[in-house]
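Colleague: Build the complex: two chains, separate frames, hints provided.
As they're listed, the protein sequences go chains F and C.
Heads up: the first sequence begins at 1 in the working numbering, then just goes up one per residue.
Heads up: the second sequence begins at 1 in the working numbering, then just goes up one per residue.
Warning: the hint list may mix true and false statements.
Said to hold, decoys possible - With a straight-line Cα cutoff of 30 angstroms, these simulated DSSO-like cross-link-like pairs (lysine-lysine) come out:
{"hint": "1", "chain 1": "C", "residue 1": "390", "chain 2": "C", "residue 2": "434"}
{"hint": "2", "chain 1": "F", "residue 1": "163", "chain 2": "C", "residue 2": "315"}
{"hint": "3", "chain 1": "C", "residue 1": "109", "chain 2": "F", "residue 2": "170"}
{"hint": "4", "chain 1": "C", "residue 1": "44", "chain 2": "F", "residue 2": "115"}
{"hint": "5", "chain 1": "F", "residue 1": "226", "chain 2": "F", "residue 2": "55"}
{"hint": "6", "chain 1": "C", "residue 1": "354", "chain 2": "C", "residue 2": "374"}
Hint data in this document are derived by calculation from the structure and do not stem from the laboratory.
Take a look at the letters that make up each chain.
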Amino acid sequence: MLQLKSLRTPPYSNPSRSGTLLKVQLLGALLMTLALSPADAAQPPAPSQLAFHGKLDNGLEVVVVPDRRAPVVTHMVWYRVGGADEPQGKSGIAHFLEHLMFKGTDKIAPGEFSKIVAGLGGQDNAFTAQDITSYFQRVAKEKLPQVMEMESDRMANLRLDEKEVLTERKVILEERRSRVDNDPGSLLQEQMMAAMYVAHPYHTPVIGWETEMRKLSRADALAFYKKFYAPNNAVLVVTGDVEPDEVMALAKATYGKIPANPEVGGPRVRPTEPEPLAERRVILRDGRVGKATFERYYLTPSSTTAPPGEAEALQILARIIGSSATSRVYNALVRDEKTASSASAWYSGMALDTGRFGFYAIAAGDAKLEDIEASMDRVIDEVIRNGVTPEELERAKTGEIANLIYASDSQQSLAHTYGWNLATGRTIEDVESRQERLNAVTREQVQAVAAKYLDRKRSVTGYLIPVPSGLAKVQPRAGGDAATFH
Amino acid sequence: MTHAILGRKHLSLAVAAPLAALSLLLLAALPANAMKIQKVISKKGIEAWLVEDHSRPILSMQFAFAGGSSQDPEGKPGVATFVSGMLDEGAGDLDSEAFQNRLEDLAAKMNVTASQDHMSVSFQTLTQNRGESLKLLQMALTSPHFEAKDAERIREQLIASLRVEEKDPNKTAANEWFKLAFGSHPYGRPGNGTLTSVAAITPDDLHGYVRKNFARDNLKIAAVGDIDAAQLGEALDSVFGDLPEKSDRKPVAEVSWQGTPKQRIVQMPNPQSVVQFGFQGLKRNDPDFIPAYILNYVVGGGGFSSKLMQEVREKRGLAYSVYTYLYPLDHAGIFAGGVATENKSVGQSLDLIKAELELAARDGLTEEELRKAKDYLVGSFALRFDTSAKIAAQLLAIQLDNLGIDYIDRRNGEIEAVTVADIKRVAKRLMEQKNLIVTVAGEPEGIREVGL
Numbered sequence: 001m002l003q004l005k006s007l008r009t010p011p012y013s014n015p016s017r018s019g020t021l022l023k024v025q026l027l028g029a030l031l032m033t034l035a036l037s038p039a040d041a042a043q044p045p046a047p048s049q050l051a052f053h054g055k056l057d058n059g060l061e062v063v064v065v066p067d068r069r070a071p072v073v074t075h076m077v078w079y080r081v082g083g084a085d086e087p088q089g090k091s092g093i094a095h096f097l098e099h100l101m102f103k104g105t106d107k108i109a110p111g112e113f114s115k116i117v118a119g120l121g122g123q124d125n126a127f128t129a130q131d132i133t134s135y136f137q138r139v140a141k142e143k144l145p146q147v148m149e150m151e152s153d154r155m156a157n158l159r160l161d162e163k164e165v166l167t168e169r170k171v172i173l174e175e176r177r178s179r180v181d182n183d184p185g186s187l188l189q190e191q192m193m194a195a196m197y198v199a200h201p202y203h204t205p206v207i208g209w210e211t212e213m214r215k216l217s218r219a220d221a222l223a224f225y226k227k228f229y230a231p232n233n234a235v236l237v238v239t240g241d242v243e244p245d246e247v248m249a250l251a252k253a254t255y256g257k258i259p260a261n262p263e264v265g266g267p268r269v270r271p272t273e274p275e276p277l278a279e280r281r282v283i284l285r286d287g288r289v290g291k292a293t294f295e296r297y298y299l300t301p302s303s304t305t306a307p308p309g310e311a312e313a314l315q316i317l318a319r320i321i322g323s324s325a326t327s328r329v330y331n332a333l334v335r336d337e338k339t340a341s342s343a344s345a346w347y348s349g350m351a352l353d354t355g356r357f358g359f360y361a362i363a364a365g366d367a368k369l370e371d372i373e374a375s376m377d378r379v380i381d382e383v384i385r386n387g388v389t390p391e392e393l394e395r396a397k398t399g400e401i402a403n404l405i406y407a408s409d410s411q412q413s414l415a416h417t418y419g420w421n422l423a424t425g426r427t428i429e430d431v432e433s434r435q436e437r438l439n440a441v442t443r444e445q446v447q448a449v450a451a452k453y454l455d456r457k458r459s460v461t462g463y464l465i466p467v468p469s470g471l472a473k474v475q476p477r478a479g480g481d482a483a484t485f486h
Numbered sequence: 001m002t003h004a005i006l007g008r009k010h011l012s013l014a015v016a017a018p019l020a021a022l023s024l025l026l027l028a029a030l031p032a033n034a035m036k037i038q039k040v041i042s043k044k045g046i047e048a049w050l051v052e053d054h055s056r057p058i059l060s061m062q063f064a065f066a067g068g069s070s071q072d073p074e075g076k077p078g079v080a081t082f083v084s085g086m087l088d089e090g091a092g093d094l095d096s097e098a099f100q101n102r103l104e105d106l107a108a109k110m111n112v113t114a115s116q117d118h119m120s121v122s123f124q125t126l127t128q129n130r131g132e133s134l135k136l137l138q139m140a141l142t143s144p145h146f147e148a149k150d151a152e153r154i155r156e157q158l159i160a161s162l163r164v165e166e167k168d169p170n171k172t173a174a175n176e177w178f179k180l181a182f183g184s185h186p187y188g189r190p191g192n193g194t195l196t197s198v199a200a201i202t203p204d205d206l207h208g209y210v211r212k213n214f215a216r217d218n219l220k221i222a223a224v225g226d227i228d229a230a231q232l233g234e235a236l237d238s239v240f241g242d243l244p245e246k247s248d249r250k251p252v253a254e255v256s257w258q259g260t261p262k263q264r265i266v267q268m269p270n271p272q273s274v275v276q277f278g279f280q281g282l283k284r285n286d287p288d289f290i291p292a293y294i295l296n297y298v299v300g301g302g303g304f305s306s307k308l309m310q311e312v313r314e315k316r317g318l319a320y321s322v323y324t325y326l327y328p329l330d331h332a333g334i335f336a337g338g339v340a341t342e343n344k345s346v347g348q349s350l351d352l353i354k355a356e357l358e359l360a361a362r363d364g365l366t367e368e369e370l371r372k373a374k375d376y377l378v379g380s381f382a383l384r385f386d387t388s389a390k391i392a393a394q395l396l397a398i399q400l401d402n403l404g405i406d407y408i409d410r411r412n413g414e415i416e417a418v419t420v421a422d423i424k425r426v427a428k429r430l431m432e433q434k435n436l437i438v439t440v441a442g443e444p445e446g447i448r449e450v451g452l
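So that you can see chain C by itself, here it is in the shape it has in the complex (with noise of 0.2 angstroms):
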């Protein structure tokens, strides 16, 4: 540790953010202990599902409102990544370093990102400072400053961050990709900004972001830990009673797939190249999500497992890394993935990686195939729940995507019922690659810019 920890398997190298979204995203898990999950409704009628856990003095809460970078102004990406950087510097009667002294004092956690579809909190404290650090962050979401001197800091940082990104391949492919995957539509925007936008966006742009996308109709809220129901729910409404009744968001249209296959090379001075490739995937209430779920395990989610390590990685040491996943945005489905190889290899890992795709769309699995997968997606569901943080984030997810207080319980069942036929059919239907969209960032051979 002196230098390095180096771990075997490195699946996210590129789209950091996707994947850790997605982690949340995924199918949840039921340990076999029973686990009491409540549906507690506050007096102001604000509703949250517990589970509580006595057995350490933590409260851990996960809430999101829906929203997110798609509704940054037109115009000006990166408001809502900007309003996440600003929320815990000052509130209330607390300026931005005590408001940040404070949350030392109390040694409570808050941690706010925004993804595409939504503004996410995650909020840890200690029981015996849970009435005071509730009080912080009910000031956060209701009397954020966003003072100038303060935006100014955070705003450099922002530019810093983006001058980064703009010579990292990682950021710079999954950045092309969604670029020429949804063009003008909000999911093509970069959700941390431009150069441009960031020196553009103004206290009144966060002020107003909150305004519009911090109410009660589009809150859903996870708590576990250290609290009972009675106590969650006087917690509810002091946090979040306050706060307005309905949002105001802009409708966010819903993508339609279209056009022809395209590859983008970004020529970047690196030994390797990193690629991101990616097409239409299943949204998350498609009726087909969990065979397709099965599907992208064994193809290329699964590690050590999947089809693409074995061909890419394992038979042949091309890369490190490789993989696939999919990616369930509010109004778009993308199945995506990538791979990272030294320059001279991008073509030949890319044409393996298609010939897989192209296999699969054919075939779909053998019964042997789907057996493993059931195996251990059914397997390895109790791994999921054995932390509180772990199962706020589970319980927060299965909320936002409608999923149903019941969908713990069903969700194996689930798995266990889809049949080869069911993966035939959806492979088909998801592995065409109809709109193949390829970006990659390095000086890359055997492969030429398509469709452009």
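Only chain F is shown next, with the shape it has when bound in the complex (with noise of 0.2 angstroms):
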């Protein structure tokens, strides 16, 4: 099967297929002593793990995974805020603010905070979603305290100059047209959020609304940063080759010695996505969609909001019905029907409030979407009625629990586990029991949670349909040296 990295759908905005942070969920030391096989898998694993917890006196969390093979640490600070906590009005602010992050302290000048990292021989970068924020640095291990200063100092220091902010607002109105604007699919994968969340601030992108973010000023952002950046916030996340004691003990040094803001550190209260009652329709025609896609979202709970099995069942349920060259759908509308030219499914369960179960597919010729539509939903049925075979489960939890191992092999994706994990409800219990809770999922579960959530009422379906206008136009010239092309 070809890996078609060209095809729609960013990896930013469906994670299971994205390969990077979602998929890798993780267990700690425990991996080494796995065997694949799920039979002996399920056997209860020995206490032992990698990764070490601690707690400074001002609430900041801290976790160390020691990977000693190379010496080199990942350094990452994990704020429990993101997109969906942005006042109203206010959309793109998280987002921005993490950008503005790089614009000074006291002590460092605006724009120096990265070159100083490059100075250090190191690799910076931050990224922002729904429920976190995340800033980290990749350093040679003896560099480790200089980034711990740095990053802690601008976790109460940041100075934000006028100019600055506005030129930077011209940046990430460059990032929205890149991501989005230029872009059908992601314009209608934005349009179904809106329509799947009622009320649930994940309704709204976390790059922001244009019209919104063409508004944010300097004083959004220090209000932003004033309420949620704070010790007490954060997870502090080393991966690498250190000790814990050692990254404890600066930790102390630096961070610790930020008081923390009574204000936050409690629950997480966001407004409450009520039942869906109605299956709502997305149609999107543009004259820049190269091909008829389909998609469907449906709403799900999370790995921390799930009935305990319920988060682990629906994963295995996305790998046997869409996440290989032989999975329910595929084999369906790509090798047998012939309607689609790739069909896929997966679960994204890492957000703090819900999830989303999705399906995806490209028209193959000039196939309709509604015969697409209709074979998924056959697809969904088959498996509602009748459930999975013994084989497809095992196969699945042999490939999630290889992926586990898989995933072991880098330092930077245990940081990004754990962090993730923590910054988002879910303890570190959680994440190195992962390997025995996948185990641990029936057939009976598979089907049960097939038949709760694949429920219509609970989605969205959305079609990107292409139009004749709007395509490129390439003028035909006589002369000069191109090859001949299309």
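Modeller: Here is the structure:
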């Protein structure tokens, strides 16, 4: 099967297919002793673990996962705040602030942060999602104290110049154009999310609505910063060639100096999404669409909110129904009916408040999206009625557990996994028992979550439809040295 | 994550494929921890470079056959890409579904990609399934089926992909750039083929490609992980031992850069234009490659530290993404870059970029700029070696570029040895922009077509 990198569906919007952050949920040291066979692995793993967990007096949680194969470390700070925590009318401010965090403190001049990290031979970056905002550096181990000093400094001492803020606002508008406005597939997904959430702020895109982004100000950014950026609203994760004691000592000497903010750190209460009552449909016709595309989302619980076992069953269900070239939907739509050129399903369970189960297909030839949709529904109904086979269940568990082992090869993956989970309401134990929980999933559970959640009432269906206008125009030329093309 | 994970940097919007390839070609970096590279030669004489790491029950293998899409038959671009999509679609005694299920049952990962000069395979297996996983790999390489019904399915996927590419400004700007830069040379042809060519490719074409390009004389192999030299030797013989001794590749001409600057605009109804630019660069075996690499880092390769990022994004907010890179192919060197900006800012952004390149050509770098670049390039060395898959990628790239097994030990010294005088000489040579080619996809303002 081809890896269709060039096909739509940017990784940042459908995490379960991205192979990046969200697929990589993993265990700590347990991995090393895992046997792949689900039967063996079902035995309770030894309690020993690589992940050290501590807490500073000011409330900062600290996670350390040693990996001494290369003399480097990954240092991350995860704030328990994201797009879904923004005030009304200020969409995009969480992400805008993330950009502005590179604009200096009393000690660091505007724009110098990344240059200093580069001068240390390090790499840095940051990213924002609905529930989290994360900053990280990757450096040689001996540079860890310096980056901890710098990261802790900007946790408390951000300084923003008005002109810098206005210039950066243009940058995030360009970012929106690159990610969303230039791409009808992204626009459809944005509209589907808005249709999906009636009350919950996941309705609003993390990048922001353009009209609101244009008005975001320095004062908005600083207010958000003061409200949410504090040690008792953050998780520090260090993975790589380090000792937990050493990290705890450094953390006390740097982050430990910052006082807790009594206003944050409690339960994160957002508007509750009511039980869905009606299926919704979103249709986007655009001259910039290359192939008709079908998408569907179902509202589900996340790993944090699901009753025990359900999130794992949904993960296994997604794998069986749509994560390979022999999955149910691939076999039905691509191999047998030939209505789609690709077809897949995914589960995204890493959010704090809700999850999503999704389906995706690109039309083959002139196939109609209505026919693709009908086939998808037949596949879904079949699983709801008759469940999955023992072979499918075993194969899916094997794949999910192997992914945990493969991910243990990367200190960056480890840092992401622990950081993301701890910043969205889960615990070290949740992370490290994942393999056990996946193993415990039964066919009955898989069928039950399919029946419970793959209900059209819970869904938004999206059609992306090409229309003839807006074709790219390349004028044919006489002469020149160009080869024939298209 | 319910919707978006937004990163602050996004440097690779355009020409994603070349950039991905580049990350392998970039210079290797040595962890201070001794990382022992063993040269393993099997009984049948097949060579691989090995780094043992028994801390995880994983074997990561990366290998490549020289060839790639530049070996596509005349008039049939897309054959190598088609092959890359078909290798796991049935082989030996397993049909497509059985092969896929077997891969899943063994939890083996096999990823095949075709670039201009290579067909590369990234393979991972768990120790406990190693023997059986490698057997699948062997079958894929030596007895792929290329059944007509499977070929039809993959063809449909390739065509859908081309239809999407046609409307994608990033892909459009990149394709137009390669077409203008290389014309009828194989590098000027679209690696993924065209709607016409992909429709005409037959299973015989696919078999023909494999017959001519999968051999032992054009193969380089890297292995990292839970395997020792003796075990690897046996694995090499079982996987690659039955391949023919010699490949039957057609020669690819060296690209001769010539002509005058060109600017092409492809009208696409988007609010933001995607701009690709580039001109003659250096091949990896050029003695000036390392100074050029440092220069590129300072001008546009170094993320937030780069001059282009400062001028275009940090000072003026004109773009989210602006970057340059060296793209050394086997038969051409490219210095390339890109920017994505609101339509009305295209002229201004390009002027800023051209001015920076001119400045670099005239002045080179200051002592301080050079020192900072070295600090980063030397210091970030070890970051390239922190997973088995990354180490395997580096070991393969070093072999493909013929840099020698001691390259990792030499590399930082080669960076440190570069002087401002070297940079000045190379800058003049590299940054002259004599044959600057710019392609824009969008509705750009402040720019017109030139030299077409």
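Colleague: It remains to establish, for every hint, whether it holds in the given structure.
Modeller: Evaluation of the provided hints:
1. C:390 x C:434: Not satisfied, since the Cα-Cα distance of roughly 36 angstroms exceeds 30 angstroms.
2. F:163 x C:315: Holds - the C-alpha atoms of residue 315 of chain C and residue 163 of chain F are around 10 angstroms apart, at most 30 angstroms.
3. C:109 x F:170: Not satisfied, since the Cα-Cα distance of roughly 42 angstroms exceeds 30 angstroms.
4. C:44 x F:115: Measuring from Cα to Cα gives roughly 50 angstroms; hence the hint is violated.
5. F:226 x F:55: OK: residue 226 of chain F and residue 55 of chain F at ~22 angstroms, within 30 angstroms.
6. C:354 x C:374: The given pair, whose Cα atoms are some 25 angstroms apart, holds under the 30 angstroms limit.
In this structure, the earlier hints numbered 1, 3, 4 are contradicted, and the remaining ones agree with it.
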